[in-house]
Amino acid sequence: MKPSFGEKIYLLAVYLVLAVAGLLCLLPLVHIASVSSSSLQAVASGHVTFYPIGFSLDAYKQLIEGTPIMRSFLNSVQITVFGVIFSMLFTILAAYPLTRSYFIGRRTYTFGIVFTMLFGGGLIPTYLTIRSLELINTYWSLWLPGLVSVFNLLVLRTFMENIPTEVDEASRIDGCGEWRYLLRIVLPLSTPVLATLALFYGVGYWNAFFNVLMFINEPAKFNLAVLVQQMIQSQTMLSQMNAASGSSEQIMLTPEMVNAAAIIIMVLPMMAVYPFLQRHFVKGVMIGAVKG
Amino acid sequence: MIRLWRRNIPLYMMFVPVIIFFILFKYVPMFGAVIAFKKYNFADGILHSPWVGWDNFKLLFSTPTTLQIIRNTLVISLLSIFVGFPFPIMLAIMLNEVRRMWFKKVVQTLVYLPHFFSWIIVSGIVITVFSQQNGLVSGVWESLTGSTYPFLYREGSWLAIFVGSGIWKEAGFSAIIYLAALTSIDTTLYEAASMDGASRWRQIWHVTLPGLRLTIVLMFILSMGRVMEVGFDQVYMLQNSTVSNISEVISTYIYKIGLMGSQFSLTAALGLFESLVSLILVLIANGIARRYGNGLW
Amino acid sequence: MNKWTEKSKLVAACLLGGTVLLAACSNGGQEPSGGTSSESASTSKPKITVSIYDRGNVPQEMGTIDNNRWTQWLNEHGTVEAQYVPIPRGESVQKLNLLFASGDAPDVVTDFATSFRNQLYQQKQILAIDDLIEEHSVHYKQLLEKYPELRKAATKPDGSMYEFGRVQQLVGFQALFIRKDWLDKLNLEVPETVDELFEVAKAFAEQDPDGNGQRDTFGIALSGETGAVINTMFRDVDWVLEDGKLVRGWEQQNKASEFKKKLYDAGLVDKDFLADNNGQKAQQDWNSGKIGIFVGRTVDPVNVSQYYESLKHNAPDAEVIAIKLPSSEYGRFAAGVNNPVQMTTVINRQAKNPEAAMQYIDFMASKEAGEMLRYGADGTDSVKGENGCPRPKDAAQFSKEVSWNLDFQLLMSQIELEPCAGILSQLDPEKPLEAEFLELVKQNNEANLGADVEYASITHGEHMPTLPDDLGVVQTNVSKIDDIYNKAIVGGTSFTVEQAYAEAQDLWNRSGGEQLETFYAQWYEENKDTAFLAKDMWKFVKE
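Chains as they are written, first to last, in my numbering: chain A, 1 to 292; chain B, 1 to 297; chain C, 1 to 543.
Hints in this document: simulated from the structure, not taken from any laboratory. Keep in mind the model is a prediction, meaning the values are calculated, not measured. In this text, a Cβ means the ideal position worked out from N, Cα and C, and glycines have one as well. Each hint should be verified, as a subset may be incorrect.
[Claimed, not checked] Looking from chain C toward chain B, a few residues come up when the C-beta cut is under 10 Å (computed):
1. Met62
2. Trp73
3. Val93
4. Lys124
5. Phe198
6. Lys202
7. Gln214
8. Leu438
9. Val473
10. Val490
11. Thr493
[What the hints assert, rightly or not] Simulated crosslink set (DSSO-like; lysine-lysine; CA at most 30 Å straight-line):
12. B/Lys256 <-> C/Lys431
13. C/Lys367 <-> B/Lys256
14. A/Lys61 <-> C/Lys393
15. B/Lys39 <-> C/Lys124
16. B/Lys256 <-> C/Lys245
17. A/Lys8 <-> B/Lys256
18. C/Lys528 <-> B/Lys256
19. C/Lys393 <-> C/Lys156
20. A/Lys61 <-> C/Lys400
21. C/Lys124 <-> B/Lys256
22. C/Lys146 <-> A/Lys61
23. C/Lys312 <-> B/Lys39
24. C/Lys156 <-> B/Lys39
25. A/Lys8 <-> B/Lys58
26. C/Lys124 <-> B/Lys58
27. C/Lys539 <-> C/Lys367
28. C/Lys431 <-> A/Lys61
Bound conformation, chain A alone:
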């Protein structure tokens, strides 16, 4: 079917809006990349906007040679990969029973889980719990307390509920056990949402910063996010605090280009991974197949 004139205009508008939105979102990346590859003077004078001035890659060199960026990168990978595996596993185990209408206590559990999203005990009790399990200074202190995100759990549950019940009935006649039904039918049909959740968990673990600082004691175990945040965030806050209190604490300043380079190195893997996950967002072929 050929698109009508109106549809052509409509599509043109869609493409145009998306292109503009995409460009707007590209700005910060371009800005940071420019800063990371400019000269100190240009950066310190605020001249760098969206292209490098006094091009140099010294910042990257300095970062790779001078800071433990490789080690923290590997730590980040370790935290993220295992974290995603554990979290996905438990989120699936949590979500599936909640989608079964005959699951006893379903509503109570759902409410009980949502409740934990709203009420918390704060940092100290959480720390004491982790400590009593002797998990401080291990990555388990990052994986276990955030094992299941309520948000992700509910998203998964909603998607699983969306799977048409005919599929359910069909498989039940086959005498499929719950485990087999989950593995053979539900999970394959949920690939788009599983990819989404893996991404959400992955991004969360990749960016983990505060928990790492609180629960991990050895700098050798710190991840990339901590390295970057210590360079930037803490320093900004510190210099503000200093300015306010007239404190005479000496601050070691990392050149802004190095900060920017670190941000780029931190963001690149997230950029690289995303397109691979996008391929799972293919239109619901499988549901159709099962139904047919």
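Since chain A is already given, all that's left is putting chains B and C on it; use the hints.
Just chains B and C, lined up with the frame of chain A:
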């Protein structure tokens, strides 16, 4: 009945580890919130610190600032939610219309990027764009009206910038969920609609949006649970003195109090209040959703 | 399926859940503490734990903050073996709170935040140290005798000492920089009063001092530290003495705000200064040669690149001088100076071996440790320069090996190392940029430490009393007063300073500001003879 229980056994096999997790890491620490009713100190710990009843709440709510801060939190947050809510949905639907895969992939990746940049960076960009002197927008504004406008100093325009920057930063990331949801819409429905001669608009209205309904409802209920948490960084980095009447929110207030010394009990009291408000909002939202058969529980 | 198998399935499931968690626990507990075993040689020495700031700035090949050349040296040469507990600098108070709450806090705890150390005192988490110093220290005892102010600053309300600190010479910390080349070009004198300051700023903004034919320069910065120093010119420092009584200085704040408003209304400053939260924009403008008057710092060699190098790069003709703050009707004041007696360290009440902790502190306060940490090894890291002071042998090597160890120097009394330790001996007069900056350092010290200027506040912020919890809330609530005044600065005719004053007063009264007033007045009344005040600070000026 026994049959039902028996049917539940495999489900419980899956679910028990989850229950253990929630009890151990969520419900056990939750008891720490009792310090809201105590005067917490290190020596006595959570259990043995002296009870003070409602004193912490009284101290909080006796000051004129507190009510303003709660109001600000609600205003900023509800505004962000209601204005920002449609953007990820629109973005996802638009991306869904795109047939050129490379274009879709590129745009999808680009709009997802800002999520990864901290608010320090975003605030730098906001100032570059909206400052009166040499700001990009101000330049355009000046050439149109002949005078500059202090976008960052007026409460209205500041709020717009605040909400806008939040949308710009997160819409692409939030759209991912809707993109995933779109995949589960039965393609035959589109075919049928298009056979009936429905325009693209009507297809969106009658097929796409209903297909997203469950996700939209879920996102809405969940966002109600976070009404009281306006992100600290976003406010802290974007605020300035002239808008402090509307920009001071609970998280920045807690931060300021913390600078004077760690007031654990006071913070816990404020946290408990926050949780209570969120709970009420979630209950209301869920209650409405249940009317239409889409409640969470 | 019979019941039995179902049941066993259930049990198995429970176990599965349990084991996953258990495996997690046991695995976690056994995880080796990778790579931090410097405890090789000295097993006989008593062991203690010590907090150390972690800023993530240890060069990779130097190890980590808790195990590196310096920790090894300290453990080898000291009489105790310290195991360092890294504390992230940005989140130090939160992390230390967790450690104290769980009973894991190190024996020796270091933090700059006065309010945090006071909280530890109030919650009885730290040891009184008088006897320890008396019986188990050598170097620190000597310091205490030499500088009795150290005792003054360490003494808490119960009359005992609780904190260890370090002594430094009083130096100009903030500097009021002005573009000398612009003054000359426009035939202007160095401003001596605030009115002259206004005129100079006006000329800088309006008469095209950089000669590019455009009106694109600002007279003066208003954000960041410059804004705070303008307040200082009017003695707008919250708490001021009036007839021997400590009261809130409303009038001063009004005057300072009016002055800023005048600058703003005349268009001499960056209109967006309030959005420039940390003064970064102003600094960039200074660096690119667009601001004529700006407050920077002259205390650390890093300040050269921060405030001078880029400026000279962008405007090679720029000539900078550091001047005295112009006088106002309230007097003539010093810009920011350092805290010459800075308290940093406390001993945890739970420490198993307080004597060992004391010995560690004593060693860290010794000249031997101080010189080593400051200069590195004589001959390899530093060599004696012409002035007899050690100087980095190779700047790049030095910054890689030595200069990041700053946070090990929190007990080092720099005054004992003078005249070598300060910035004056660290800059290299052979390099033109550093030689010029040296001049700025000297000018700044002359401007701010003389007898003809006064310290605007009664004492350095770190020696002000910590408020009790409920007053802390009041203080937080009234801190909005600054916002109200800022609003008046940019408010034009629609919101004047007078209106701001009325609004601020109203907020003050509604929030219980008079409680603060009573607290401070009473504190001053009771402690004016024993507290560490501005006059004590000025005892540390080098003759």
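Requested in this report: Would you pick out the hints that fail for this structure and give their numbers low to high?
Outcome: 1, 2, 5, 6, 7, 8, 11, 12, 13, 17, 19, 22, 23, 25
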